[in-house]
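**Q** Chains as they are written, first to last, in our numbering: chain S, 1 to 493; chain X, 494 to 952.
I should point out that these hints are in silico values taken from the structure, not numbers from a laboratory. One thing to keep in mind: the hints can contain errors.
[Unchecked claim] No farther apart than 30 Å at their CA atoms in a straight line, the calculated lysine-lysine pairs in the DSS-like style are these:
(1) S/K224 to X/K765
(2) S/K157 to S/K287
(3) X/K753 to S/K492
(4) S/K186 to X/K820
(5) X/K625 to S/K224
(6) S/K186 to X/K765
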Amino acid sequence: MIAADKVASDVASHFDRMKSEGCSFADARLYDEDSSQRLVLYDGNLESNTSSIERGLGVRVLKDGAWGFAATADLAAVAACFDRALSNARAAAHLPGFPKDMGLPQPTTGSYRSPVQKDPFEVPLAEKLAFLKGIDATLEDKTIAQRIVWAAFQRRKIIYWNTEGTEVDRWVSNVFATMMAMAPDKDGRTHRRSVELHGDGTGTRGWEWLTEPKWFSGHADRIKSELAEVLAADPLPPGRRDLIILPGQGFLQVHETIGHALELDRILGYELSYAGGSHVRPEMIGKLRYGSEKLNCRAGKHQNSPGTFGFDDEGTPQRDYMLIDGGVLVNVLSSRTDLGEANELAGREVFTESGSAARATSFYRTPIDRMTNISIDPGNDGTLDDIIAATEDGIIVDVPVSWSIGSNREHFHFGTEIAWEVRDGKKTRVHKNPTYQGHTLEFWRSLDMVGDQSTWCLQQVANCGKGEPNQVMQLGHGVPVLRFKNVQTGEKE
Amino acid sequence: MLESRIRDLLLAARKEALNRGLNAEFSLHRERSNLIRLGNSSVALSTYEELTRLDVSVQDGRKVGSYGLTADITSEGQLLEALERAAENCSAALPKDYDPIFAQVEEAIDDSSGFDPELESLSAEAKTALCKQVVDGLKPKGKYDFSGSWSSGSAEMYMTSTANENEAYRHLTDSRFVMVLKEQDKKWELSVERTAKALGAFSAEDVVAEFATLLPVYEGNQPYATETGRLRVLFGPQAIAQLLSLALWGGFFGRTWEEKRSYTAGNKPGDKLFSELVTIVDDPSHPDVFGMPFDFNGLRRRPFTVVERGVFKALLYDSMAAAKYKKRPTGHDLSNTDFVLSPGTGEPGIAGGLDAAGDALYIPHLHYIHMPDPTKGLFTGSSRFNAIRVQGGRFTQPMVSTRVTDTSPSVFSNITTMSSRSVSQNESNTYGRREPEAMSVPEWMLCDNVRITDVADSF
Chain S
1 MIAADKVASD VASHFDRMKS EGCSFADARL YDEDSSQRLV LYDGNLESNT SSIERGLGVR
61 VLKDGAWGFA ATADLAAVAA CFDRALSNAR AAAHLPGFPK DMGLPQPTTG SYRSPVQKDP
121 FEVPLAEKLA FLKGIDATLE DKTIAQRIVW AAFQRRKIIY WNTEGTEVDR WVSNVFATMM
181 AMAPDKDGRT HRRSVELHGD GTGTRGWEWL TEPKWFSGHA DRIKSELAEV LAADPLPPGR
241 RDLIILPGQG FLQVHETIGH ALELDRILGY ELSYAGGSHV RPEMIGKLRY GSEKLNCRAG
301 KHQNSPGTFG FDDEGTPQRD YMLIDGGVLV NVLSSRTDLG EANELAGREV FTESGSAARA
361 TSFYRTPIDR MTNISIDPGN DGTLDDIIAA TEDGIIVDVP VSWSIGSNRE HFHFGTEIAW
421 EVRDGKKTRV HKNPTYQGHT LEFWRSLDMV GDQSTWCLQQ VANCGKGEPN QVMQLGHGVP
481 VLRFKNVQTG EKE
Chain X
494 MLESRIRDLL LAARKEALNR GLNAEFSLHR ERSNLIRLGN SSVALSTYEE LTRLDVSVQD
554 GRKVGSYGLT ADITSEGQLL EALERAAENC SAALPKDYDP IFAQVEEAID DSSGFDPELE
614 SLSAEAKTAL CKQVVDGLKP KGKYDFSGSW SSGSAEMYMT STANENEAYR HLTDSRFVMV
674 LKEQDKKWEL SVERTAKALG AFSAEDVVAE FATLLPVYEG NQPYATETGR LRVLFGPQAI
734 AQLLSLALWG GFFGRTWEEK RSYTAGNKPG DKLFSELVTI VDDPSHPDVF GMPFDFNGLR
794 RRPFTVVERG VFKALLYDSM AAAKYKKRPT GHDLSNTDFV LSPGTGEPGI AGGLDAAGDA
854 LYIPHLHYIH MPDPTKGLFT GSSRFNAIRV QGGRFTQPMV STRVTDTSPS VFSNITTMSS
914 RSVSQNESNT YGRREPEAMS VPEWMLCDNV RITDVADSF
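Extracted from the complex, chain S is given alone in its bound form (with noise of 0.2 Å):
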């Protein structure tokens, strides 16, 4: 196995090659160690008992404002890697447009290690299983048709290196888990109750928070009893009241209509072929009334989240800074690569620095525009409680079972695992099937309460899609306890 010091001195070296072909900027990648593991439980069987080890470089290169990238799991390669990203560049330049441009210099060195107490790389797969079907257990009952229960753990060792000095290695770590039951109510529906590995941002996230049953194994017995009760409930009729979001809900809606909205590469247009665009555009920043003035959105920097890494993809420190202050769009994830871009287009320069937003899902994909933690500031409309005990005809609503946004995520239609009504300040009864669908900017300024502290909850996405060629991506989400006034819910036929 070539060693990651052989693999760092070839880089530099034709760091300099590309630097004496008129590149401006050039960047590499080398995944030293990208460990996964997926054990999934159906029914108390082991439908998936799978490790794998990925090990490669990407190089990126910057020439006549177009870039080129190349992949590689040869480490023998480095230099024909290198020539396919330069050949790629030149190839893209033969189209030229706005010239991709990386702006200042800015040199870096630095290391980060995800904080972990207990690496779940190091734990024996017959102590995760065990811990995993002790869950299982716990879910299994004659009331219940089916049960899921799956861990999955991530251990990536990334070093980065470009041609402005900048060299930052990191140790990134995710875990990963669910259970859910499902059973057919009186007329054969199937429903099913559902919560996810989450925490409240701080301590650690090696294998010691998966096994604290605060945050995953303690609520077996809810979802249980909550699937028996929305087994047992009419469907929700349709109609327009408010509706109360709670963060296992709450995560979904600001990903898919603020999270994606606000990605730069999707405002400029480069994603319209796949992922789709925005109905943001540059010149809105400071402008747009996104939200109420309760709505406080940032990309955050929670200790313990998988949208929390150090430095991104293009080395880029990463920062903690809001998108959306009191309901006004001030800010988009964005990377070095488009600001000029995007200053162009607004008429004014509205980005002064990266969004430290560039990430890749692996060695053999480029980075984007990505999520990091997109988060909400909790508010100070109080508990849970205070929040019900405030709402005359609402819904309370939780967990994603569908999802479905319009391709400028101008609008949106969601179903979720369950809802509660509230009527006269009392949470009365629970509905299945629950939906609710709205417009974005007209959704989120019908926000009207948002939860205190008591109420926020860090919750982690496993699986972002984006980009063409594709990539998953793992981020998170904090959000409060949301109020939305008359908002459009159940279906009407």
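Use these hints to put chain X onto chain S, whose structure you have.
**A** Just chain X, lined up with the frame of chain S:
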């Protein structure tokens, strides 16, 4: 057949597994992929990846463990280590409560019929040149920006196991071209898409001509926001493929049917489910699809009818569901299937669809389609590119983003007519490895009483 250097290593590993008394399967995927990404009328990115992935699975009675490796395969030691890791995972596994089916390559397969070396080596320069022709041909005619992507490359898939000496191998090339034209002020978006198995399947002139047929409707007419309710919809190829995919996923997978989680759970083979116009076959021999000849349980894939003239014929069982529910696996241990929705009898060409439709909504693309309730087949998604109001058999106004929320049984029961001509609709993604997938669908499908639930104020 797979390059002998790697094949010999795999066969040596298989021999070692036999010597150790292990039931082991080996599958290898190798790809060479090139993609250019367009944005704002420029090629903003050009990528190349050459990747080899090895998957090893070991089964011991009711216990199974697997290990995957993405690396340059250079030594027997790598394969033996992967075998050892898979064996360790198997050893520590929990036994299932049923007998899993061990992979066995049913018959030797060596299929390179879908491989075109010229397409594999299609250069980024050549792609850029074609895109430049399209941009140069249309950009001066309006305030247009172009986005898109063009992915091409080759994939090799190989598998063998200790069950016998057979090997299955497939080598193919594929290409997917998508170009989006966006009007800078009015914000509407048009799309043209091409799928190819070999070089030279389309030209810049084709693409320009297709954009040119749609542009007058968009340039010369106000946007149309339809009322909600049940309306007549003329679906186009991408939307049909999305609807078909959802109908299959929600209704015809053995596991969800057995668990009564599908909208067909109350039905059995022989029941009438859809319009008699609907016949759905997973047919790897069809010319419109990429045609995967084997699955990763080792079965030879043959045409498999799911729905015939609206009647439920069969369910799809992968080896896991088949073992669990004591059924025969149907060749569906794979992600890249080859579904064909048989064409109808309508006049070919979009003109035939417009004539048949009279007044309707033309929705050729559905974006972000999802199922809030699979047990009803309830889906929702919104229109995207090229959506146009049809009046009196003519395209009249571009449509703003429009949401369709209906059920699969309803849509496939309310088909009134379909084009007699089929097209290949590329359904590939590259989230994992390069696995080309396409569906064959009629170029248009006319449905009555489709439920429209929301209309946006923008495209």
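**Q** If you check each hint against the structure, which ones fail?
**A** 1, 2 and 5
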